[in-house]
Amino acid sequence: MQGKRFFEHRYRQLGWQYHDACLKQAIRINSINTQNATVLDRLHSKGVKLKKVPFLKDGYWINKSAFSVGATPEYLLGYYSIQEAAAQIPATLFTQPEEKLVLDACAAPGGKTIQLADLMRNTGTIVALDLDKRRLTAVSNHLERCHIENTVVYNMDARQASRLGMRFDRILLDVPCSGNFATDPKWFQKRTLRDVHNNARMQRQILAETSGILNRNGELVYSTCSLEPEENELNIDWAMKTLHLQVQKINCFGEKAATEVSGRQLDSTIERCRRIWPGETQGFFVAKLKMCGGKD
Amino acid sequence: MKHIEDFAHRFGVKIILDQSLLVESHHRYFLLKPGLKELASRNFISVGLYLGRTRRGKLSPSFNLLRMIAREKSNKTFVDERTAWLFICGRDIFARGIMKIRGRTRRGDYTLICNHRDECLGFGEMLYDDEAQIRSAMNKPVISNILDIGDFLRREK
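Chain order of the listed sequences is A and B.
Under this note's numbering, the letters of the first sequence match residues 3 to 298, in that order.
Under this note's numbering, the letters of the second sequence match residues 16 to 172, in that order.
So that you can see chain B by itself, here it is in the shape it has in the complex:
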């Protein structure tokens, strides 16, 4: 639970999950609907909403968790269509592709990457301390890609 709370905190939000509906199995976290609770007592592959897994103490979030964070007033960077596509292909974000930044902009903070429709495509880490610095960094990445939805394709390989 703490892993998830800490992770959400890096987006500037606090998410509260019902502890009684949270299950951990082999370092993977799942949020259950009440009807699934009893079924989670067996050895399962997946149950309910997959939230992510920890590796060496660090949370790798699922896209379900990112979507939950996106519903809150979280750090968000809105990018144009071309940048959105490049991001899905695993690329970092350059200043010229950014349409709008919402929330905190501090080096090391996490930000959700959203397209112009406010659809969450993944998340990245801010590489600069404020928006002015970001805007002036013309030919350097300003947000590093940590996870994008193209991961679904890369996982299959």
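Only chain A is shown next, with the shape it has when bound in the complex:
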């Protein structure tokens, strides 16, 4: 079960008519290192045309630039990061992350780690994990470029996070996933439903491991850039029933998530999650979870 027609049919069943994405490059200003207005003025004076992303505080789309915005002095000085607009959403969903102990369980290449540190104003502690040691080099480079002080990076599988012997106030699970066609033109040729199921299984293992080290009243944000319900709504439904997690209300860009998938009725609170279909952004899915019995 694969191919463009197969997946298009699935998306139609979830309420979305397939169309090509018109993905725009986006930046996020690192507000601990500079002020938004300063960076905007400086980029503007170089001829870069920016447009505020309406649903992000520090996010801007690059409408026009004659050169790579990843090679400007402002970028190299850590004043902004290149981060796709939808990918900027998950880290913003935590309440009051300052001074907290935060786990970024699948951290590489580090865009969201830097964003978390920025939102935390370099306070508290971030523990950043990733299984792929080579990709952690990129994390270290970003941390240095952006002058991040509150982060420790370990080469560790998120499925073994309990070995840290710690409990966290906030956990970001931007889990490895099947991705989507908006960022990979050959996605439909490459991906099968089998890949999706394999990824969903691994994601459940990560959810199970990390929910066990979430503090009571702690918050867990789960995100993928997959459009497949197995990796999104169905995993959240499973987490609610198996791990006793509750879905929290979030106020962010995106549509309500599906509560019926392939004729299967899911918990009604799953509609609190957000599904972002490809358009100006890539496809994305976000959910905010707490342990049952934790305060809203």
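These are computed hints drawn from the structure, not numbers from a lab.
Keep in mind that this is a model prediction, so the values were computed, not measured.
For every residue, glycine included, the Cβ atom is placed at its ideal position computed from N, Cα and C.
Just to be clear, a hint being listed does not mean it is correct.
[Claimed, not checked] Incomplete in silico selection of chain B near chain A, CB under 10 angstroms: (1) Ile60; (2) Tyr65; (3) Phe78; (4) Asn79; (5) Trp100; (6) Glu134; (7) Glu146.
With chain A held as given, fit chain B onto it using these hints.
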């Protein structure tokens, strides 16, 4: 610690770091916030503020360390915008691009290279003994580029 102190000394400054918050791992140095101390006892990739690494006994500083030195009254050379860009691209500094020199100018001294906004772009080594010699060296490099922020791009390759 001595590597870092000696390095800062070449910019004409003394930086004092809390020894108890300094960690060395595989010849790499990190400055910790107190909350990170316990976490640094495990085998980590990075922790706190990365300060640099030693290779054959010589310190390769991080840009965090250069920024710390820049906050002190260190040797600084301010360059114009075009020279700043060329420096980021890995080029040496010529006299015509220098706007101002602060601190010691002795052959072999280190100097931070800053743009007109006082943003540290890296550092270099003075190739002449005083400002008059520097100003008269028209077509020769006067400061050799040792490290610039363009390194972040070159590392990725």
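Evaluated hints:
{"no.": "1", "hint": "Ile60", "result": "4 angstroms, holds"}
{"no.": "2", "hint": "Tyr65", "result": "5 angstroms, holds"}
{"no.": "3", "hint": "Phe78", "result": "6 angstroms, holds"}
{"no.": "4", "hint": "Asn79", "result": "6 angstroms, holds"}
{"no.": "5", "hint": "Trp100", "result": "7 angstroms, holds"}
{"no.": "6", "hint": "Glu134", "result": "6 angstroms, holds"}
{"no.": "7", "hint": "Glu146", "result": "26 angstroms, violated"}
Comparing the model with each numbered hint stated earlier shows that hint 7 is the single one that does not hold.
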